[in-house]
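Q: Listed below are the residues making up each chain.
2 protein chains.
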Amino acid sequence: MTRTGELVFTDLYELTMAAGYVAADHTDDATFDLFVRSLPDRRHFLVAAGLASVLDHLESLHVTEAELAHLRRLDWVDDDFCDLLDGLRFTGEVRAVAEGEVVYPGEPILTVTAPRVEAQVVETRLLNLVASQTMIASKAARVAIACGDRRFVEFGSRRAHGADAAMQAARSAYLAGSAGTSLVSAGVAYGLPLAGTMAHSFVMSFDDESDAFRAFARRFPDGAVLLIDTYDTEEGARRAVQVADELAPEGVRIGGVRLDSGDLVRLSRSVRRILDDGGLAEATIFASGDLDEYRIAEIVAAGAPIDAFGVGTQLVTSADAPSLGAVYKLVADTSGSRIKLSEDKVTLPGPKQVWRVSDGDTDIYDVIALDGEELRGHLDGGARLEARPLLETVMSGGRRTRPDPTLAESRDRCAGAVWRLPDRLRSLHQRERPYEIQRSPDLTALVETLTAAHRSHGNRQDGENRR
Amino acid sequence: MTRTGELVFTDLYELTMAAGYVAADHTDDATFDLFVRSLPDRRHFLVAAGLASVLDHLESLHVTEAELAHLRRLDWVDDDFCDLLDGLRFTGEVRAVAEGEVVYPGEPILTVTAPRVEAQVVETRLLNLVASQTMIASKAARVAIACGDRRFVEFGSRRAHGADAAMQAARSAYLAGSAGTSLVSAGVAYGLPLAGTMAHSFVMSFDDESDAFRAFARRFPDGAVLLIDTYDTEEGARRAVQVADELAPEGVRIGGVRLDSGDLVRLSRSVRRILDDGGLAEATIFASGDLDEYRIAEIVAAGAPIDAFGVGTQLVTSADAPSLGAVYKLVADTSGSRIKLSEDKVTLPGPKQVWRVSDGDTDIYDVIALDGEELRGHLDGGARLEARPLLETVMSGGRRTRPDPTLAESRDRCAGAVWRLPDRLRSLHQRERPYEIQRSPDLTALVETLTAAHRSHGNRQDGENRR
Numbered sequence: 001m002t003r004t005g006e007l008v009f010t011d012l013y014e015l016t017m018a019a020g021y022v023a024a025d026h027t028d029d030a031t032f033d034l035f036v037r038s039l040p041d042r043r044h045f046l047v048a049a050g051l052a053s054v055l056d057h058l059e060s061l062h063v064t065e066a067e068l069a070h071l072r073r074l075d076w077v078d079d080d081f082c083d084l085l086d087g088l089r090f091t092g093e094v095r096a097v098a099e100g101e102v103v104y105p106g107e108p109i110l111t112v113t114a115p116r117v118e119a120q121v122v123e124t125r126l127l128n129l130v131a132s133q134t135m136i137a138s139k140a141a142r143v144a145i146a147c148g149d150r151r152f153v154e155f156g157s158r159r160a161h162g163a164d165a166a167m168q169a170a171r172s173a174y175l176a177g178s179a180g181t182s183l184v185s186a187g188v189a190y191g192l193p194l195a196g197t198m199a200h201s202f203v204m205s206f207d208d209e210s211d212a213f214r215a216f217a218r219r220f221p222d223g224a225v226l227l228i229d230t231y232d233t234e235e236g237a238r239r240a241v242q243v244a245d246e247l248a249p250e251g252v253r254i255g256g257v258r259l260d261s262g263d264l265v266r267l268s269r270s271v272r273r274i275l276d277d278g279g280l281a282e283a284t285i286f287a288s289g290d291l292d293e294y295r296i297a298e299i300v301a302a303g304a305p306i307d308a309f310g311v312g313t314q315l316v317t318s319a320d321a322p323s324l325g326a327v328y329k330l331v332a333d334t335s336g337s338r339i340k341l342s343e344d345k346v347t348l349p350g351p352k353q354v355w356r357v358s359d360g361d362t363d364i365y366d367v368i369a370l371d372g373e374e375l376r377g378h379l380d381g382g383a384r385l386e387a388r389p390l391l392e393t394v395m396s397g398g399r400r401t402r403p404d405p406t407l408a409e410s411r412d413r414c415a416g417a418v419w420r421l422p423d424r425l426r427s428l429h430q431r432e433r434p435y436e437i438q439r440s441p442d443l444t445a446l447v448e449t450l451t452a453a454h455r456s457h458g459n460r461q462d463g464e465n466r467r
Numbered sequence: 001m002t003r004t005g006e007l008v009f010t011d012l013y014e015l016t017m018a019a020g021y022v023a024a025d026h027t028d029d030a031t032f033d034l035f036v037r038s039l040p041d042r043r044h045f046l047v048a049a050g051l052a053s054v055l056d057h058l059e060s061l062h063v064t065e066a067e068l069a070h071l072r073r074l075d076w077v078d079d080d081f082c083d084l085l086d087g088l089r090f091t092g093e094v095r096a097v098a099e100g101e102v103v104y105p106g107e108p109i110l111t112v113t114a115p116r117v118e119a120q121v122v123e124t125r126l127l128n129l130v131a132s133q134t135m136i137a138s139k140a141a142r143v144a145i146a147c148g149d150r151r152f153v154e155f156g157s158r159r160a161h162g163a164d165a166a167m168q169a170a171r172s173a174y175l176a177g178s179a180g181t182s183l184v185s186a187g188v189a190y191g192l193p194l195a196g197t198m199a200h201s202f203v204m205s206f207d208d209e210s211d212a213f214r215a216f217a218r219r220f221p222d223g224a225v226l227l228i229d230t231y232d233t234e235e236g237a238r239r240a241v242q243v244a245d246e247l248a249p250e251g252v253r254i255g256g257v258r259l260d261s262g263d264l265v266r267l268s269r270s271v272r273r274i275l276d277d278g279g280l281a282e283a284t285i286f287a288s289g290d291l292d293e294y295r296i297a298e299i300v301a302a303g304a305p306i307d308a309f310g311v312g313t314q315l316v317t318s319a320d321a322p323s324l325g326a327v328y329k330l331v332a333d334t335s336g337s338r339i340k341l342s343e344d345k346v347t348l349p350g351p352k353q354v355w356r357v358s359d360g361d362t363d364i365y366d367v368i369a370l371d372g373e374e375l376r377g378h379l380d381g382g383a384r385l386e387a388r389p390l391l392e393t394v395m396s397g398g399r400r401t402r403p404d405p406t407l408a409e410s411r412d413r414c415a416g417a418v419w420r421l422p423d424r425l426r427s428l429h430q431r432e433r434p435y436e437i438q439r440s441p442d443l444t445a446l447v448e449t450l451t452a453a454h455r456s457h458g459n460r461q462d463g464e465n466r467r
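Line order of the protein sequences matches chains P and Y. Taking this note's numbering, the leading residue of the first sequence gets 1, the next gets one more, and so forth. Taking this note's numbering, the leading residue of the second sequence gets 1, the next gets one more, and so forth.
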């Protein structure tokens, strides 16, 4: 795709608003929360992802000469505004939940505090990055739950919405439990384990299926995986056994077979028998074909002898919930905390902290509090409960405050967070009782004060809540 | 996102197959068709998109030193294979349907003929590019149909799956009828018209909604569009009128208002009255808020006085069909035509041409034929019918054979193709009688011969069909 500078990946209204702020001298610091309003159907939690790419974006925010030249053609873009864009860098602070952490609706995944123009113009890209990656990680966590102790590999690049989507999906899926990806560029960029063997076109390129198996096994003598469903799956399994026998004297070993169509439960059983009877008890069975967490859970429940799953389209597009309702809302500026009250969409005001309360083994509830608020007395479960804050400062003055965690560390964090979920939240299906999200006393009081002030003063925000 | 060379945006199995082909000396020319197997629910046609990016990819296919270094760590990657990858460029031929053209399932959107390794390794990226862009263009064409003579603007960047997805969505939506995009980088890269005004955060940044309107209108005196639903939509409309009156002496003109929530039919009527009564009869009403073709069709049917729509999430994720079942299948090589017969997925063999048969005003049916086949006598409707071929050679020897059409030309082509659709195919809802796709006599005969040969020889492909 055409390359652009980072700054212009933004909605035009971010720039028109920037011009409006400057003209009105509204260039004080502002704080925005990025959060998801509600869970998609059948989801009970989200897995935060995308922070590393957000920080990359903010550290490299700039506009190129060519982009400026293009923008100059807009009639409202004058020299002053061009100068502003030309010099614009991100100099603010970011507080964020770590990648791999479980998060819930209404909780800030990240919070940006910066001069208003800077904080505003990054909205589009921050939402784009966090929402799409969190969506995939959240889907992948469900696939991992369905798989139990079996492995799965992401291989949906061809159905992802462009290159970034495929790269992000491979990374986000790994973060949330995949064993690797088929996408070579993601392996190169992120160090992910790579998986893949052959397609039907390889088998079809030979006059005979057995010839295709021989050629492939000789080239990959240390455990080739053969795709056996191009013509007839069970016949393909018998040919794999024959080829294994035939090539064993050459030191060639067959590692496994792949099924990509048909009744995977029935076929995996008959193929397992054929392999076992043919002396290939060690060969694994890999299954693919429009799988998702629901189908995998059925297959696992049926006890099908499948060792690993390939999950593509349904995972990389999060097909049953292909977007997350993530938003980026003004919550405070130098004149106080801000609240938005249109219809039933209330935004919680003020800079916040999210506390996760655990009994040591299991996370029990979260408390959304004001940043700096003391939570004494709020942990009503007594001494056995412990609370830890989720939002940490990760950027200050426009620079990372520390190196990113490694992807392996974030993956471990995710596994731990999913492990600590209340059991009911690991359900793939029913709407169980949701995780409990409390509001702290100070946040509750602030919402009440601002709402009352708003109602009594028309739309005027109350200056009493200056911070 | 991390930048990679073009070649490694591929599934690992494309590389393992390439190694297998080389080891087995299977490096003759092969022809692959890229096509969509079936239409998503409620879709009656597709709009081809993505060809320009496909040709870019093929012309720049290469691997970087860093990527080679990474690949070397895989135990099966030896010096010979590294040399092969290092020297790999695309040198083949591409025949394709033009961007903006209507296509149907089973019809090749593009066909690649190249040395087998080259043709194979580009599979992943070609599917990724064509499927995602065709998906969006097809969705956008439906939105355009729903809008009728009203305009719509794409502004879903924040919900797209990464940067490429957003850029592609903006371009594909414009190709199929949007009036423009909110995404500045897409405006810069593709010359798309840009649209956008202000967000709720702008309004909330001022103590009073009217102050926000004043500041914005003064900065954009030649037709600012004001977002009026931050607090109360009708009250917002009255304030817009007041501000227009107040600032008229300064030469400031209000261009319109935007509604982003609530009952758009009811609110647009009351807002229209307020604007008309306040002397703003020329001001337009722009509406947004989780719109798709179905909702827009309802709003239009209700006669709501809305001039233009903003369409975001539902469009850029193609939410009701977030992937297309596009595939890339071997159809011929130097030893003959190839067919795949697993389960109910039959791939039509041989290099092909698609003929579109029209009565001059309306397209009536398509004929999938073998390339070079004479269609005489097949146009049974008599002299009034005309047939035109859809697949044209666009790349030869790895280079474009001509400049790409401009985006404006492709957009016109799309408008014409949608215009020539049989009326029933413009339905958004019911599964109407599908468009008729015929197979030519020679193609039918080839399928029968190959199927019979396959059945009688086990999986052996029949050499009688060498071309």
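Derived from the structure by calculation, the hints contain no laboratory data. A hint or two may mislead.
Across the chosen pairs, the derived CB separations fall in these ranges [as the list claims (entries may be wrong)]:
{"hint": "1", "chain 1": "Y", "residue 1": "Asp263", "chain 2": "P", "residue 2": "Gly416", "range": "42 to 48 Å"}
{"hint": "2", "chain 1": "Y", "residue 1": "Glu392", "chain 2": "P", "residue 2": "Gly251", "range": "27 to 33 Å"}
{"hint": "3", "chain 1": "P", "residue 1": "Pro249", "chain 2": "Y", "residue 2": "Gly372", "range": "56 to 62 Å"}
{"hint": "4", "chain 1": "P", "residue 1": "Asp29", "chain 2": "Y", "residue 2": "Asp263", "range": "33 to 39 Å"}
Computed footprint of chain P on chain Y; a stretch qualifies when at least three of its residues, placed anywhere within it, have a C-beta under 8 Å from a C-beta of chain P [what the hints assert, rightly or not]:
{"hint": "5", "region": "215-226"}
{"hint": "6", "region": "291-305"}
Being a predicted model, the structure only gives us computed values, none of them experimental. Note that beta-carbon positions come from the ideal geometry of N, C-alpha and C, so glycine has one too.
Q: Please go over all the hints and tell whether each is borne out by the structure.
A: We went through each hint and held it up to the structure:
Against the hinted window of 42 to 48 Å, the Cβ-Cβ separation of Asp263 of chain Y and Gly416 of chain P comes to about 45 Å, which satisfies the hint. Checked against the given bound of 27 to 33 Å, the beta carbons of Glu392 of chain Y and Gly251 of chain P, roughly 50 Å apart, lie outside it. The hinted range of 56 to 62 Å is not satisfied by Pro249 of chain P and Gly372 of chain Y, whose Cβ atoms lie roughly 48 Å apart. Between Asp29 of chain P and Asp263 of chain Y, the C-beta spacing of about 37 Å keeps the proposed range 33 to 39 Å intact.
Counting residues of the region 215-226 of chain Y whose beta carbon lies closer than 8 Å to any beta carbon of chain P gives 6, which meets the minimum of three for the stated coverage. With 0 residues having a beta carbon nearer than 8 Å to a beta carbon of chain P, the region 291-305 of chain Y misses the requirement of three or more and the stated coverage is violated.
In summary, the numbered hints that this structure violates are 2, 3 and 6.
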